[in-house]
Amino acid sequence: MSWNPSPQERRRVLEEELQRFVEILRREINPERIILFGSLATGEIGPWSDIDLVIVMRTDQPFIERLHTIRRLLQPRVATDLLVYTPEEFEQLARERPFVREEILAKGVLLYARGG
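Residue numbers (UniProt numbering): 1 to 116.
This list has only true hints and no planted wrong ones.
Just the calculated beta-carbon pair ranges, DEER-fashion:
{"#": "1", "residue 1": "P7", "residue 2": "Q61", "range": "32 to 40 Å"}
{"#": "2", "residue 1": "E103", "residue 2": "W48", "range": "14 to 22 Å"}
{"#": "3", "residue 1": "Q8", "residue 2": "R72", "range": "24 to 32 Å"}
{"#": "4", "residue 1": "T69", "residue 2": "E9", "range": "28 to 36 Å"}
{"#": "5", "residue 1": "R20", "residue 2": "R114", "range": "18 to 26 Å"}
{"#": "6", "residue 1": "R12", "residue 2": "E96", "range": "31 to 39 Å"}
{"#": "7", "residue 1": "E88", "residue 2": "P7", "range": "32 to 40 Å"}
{"#": "8", "residue 1": "S6", "residue 2": "Q61", "range": "35 to 43 Å"}
{"#": "9", "residue 1": "R12", "residue 2": "Q61", "range": "28 to 36 Å"}
{"#": "10", "residue 1": "N30", "residue 2": "L105", "range": "15 to 23 Å"}
{"#": "11", "residue 1": "R97", "residue 2": "P62", "range": "14 to 22 Å"}
Here are the computed lysine to any residue pairs in the SDA-like style, where the Cα-Cα straight-line distance is at most 20 Å:
{"#": "12", "residue 1": "K107", "residue 2": "D81"}
{"#": "13", "residue 1": "K107", "residue 2": "L18"}
{"#": "14", "residue 1": "K107", "residue 2": "E91"}
{"#": "15", "residue 1": "K107", "residue 2": "T42"}
{"#": "16", "residue 1": "K107", "residue 2": "L93"}
{"#": "17", "residue 1": "K107", "residue 2": "E15"}
{"#": "18", "residue 1": "K107", "residue 2": "Q92"}
{"#": "19", "residue 1": "K107", "residue 2": "L82"}
{"#": "20", "residue 1": "K107", "residue 2": "E32"}
{"#": "21", "residue 1": "K107", "residue 2": "V22"}
{"#": "22", "residue 1": "K107", "residue 2": "G43"}
{"#": "23", "residue 1": "K107", "residue 2": "S49"}
{"#": "24", "residue 1": "K107", "residue 2": "G46"}
{"#": "25", "residue 1": "K107", "residue 2": "R97"}
{"#": "26", "residue 1": "K107", "residue 2": "R33"}
{"#": "27", "residue 1": "K107", "residue 2": "D50"}
{"#": "28", "residue 1": "K107", "residue 2": "E96"}
{"#": "29", "residue 1": "K107", "residue 2": "S39"}
{"#": "30", "residue 1": "K107", "residue 2": "D52"}
{"#": "31", "residue 1": "K107", "residue 2": "L14"}
{"#": "32", "residue 1": "K107", "residue 2": "E44"}
{"#": "33", "residue 1": "K107", "residue 2": "A94"}
{"#": "34", "residue 1": "K107", "residue 2": "T80"}
{"#": "35", "residue 1": "K107", "residue 2": "I45"}
{"#": "36", "residue 1": "K107", "residue 2": "L83"}
{"#": "37", "residue 1": "K107", "residue 2": "R95"}
{"#": "38", "residue 1": "K107", "residue 2": "A41"}
Everything labelled a hint here was simulated from the structure, so no lab data went into it.
Keep in mind the model is a prediction, meaning the values are calculated, not measured.
C-beta: ideal position from N, C-alpha, C; glycine also.
Assemble the whole structure, with the sequences as input and the hints as a guide.
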């Protein structure tokens with residue numbers, strides 16, 4: 001890939017990596033939800049777009065530790081921003097943070113919902 005890929009090439013690379021992420025997450029941790037947000041979700045892809053992902057899962061791990069666990073599991077090959085919340089944390093954030101409501105819930109794409 002060139003240093004300045006076309007938006008179409010960047011989209012292809014990101015979507016392939018995203019598909020790999022979802023398969024790994026479903027198989028290894030069976031999350032409650034996986035939500036894509038940001039430029040890939042809205043279709044506004046640029047040459048430096050990344051993958052922005054919210055993973056909602058049951059865990060007792062502290063926030064930073066669970067981020068490290070998921071990053072080690074996924075071993076991202078492209079720039080990736082991960083947010084990993086428990087269901088209770090995510091519900092609280094959705095009530096209290098406009099960004100979660102407006103950018104993640106309203107504009108995001110639900111990629112996976114357990115039992116859904």
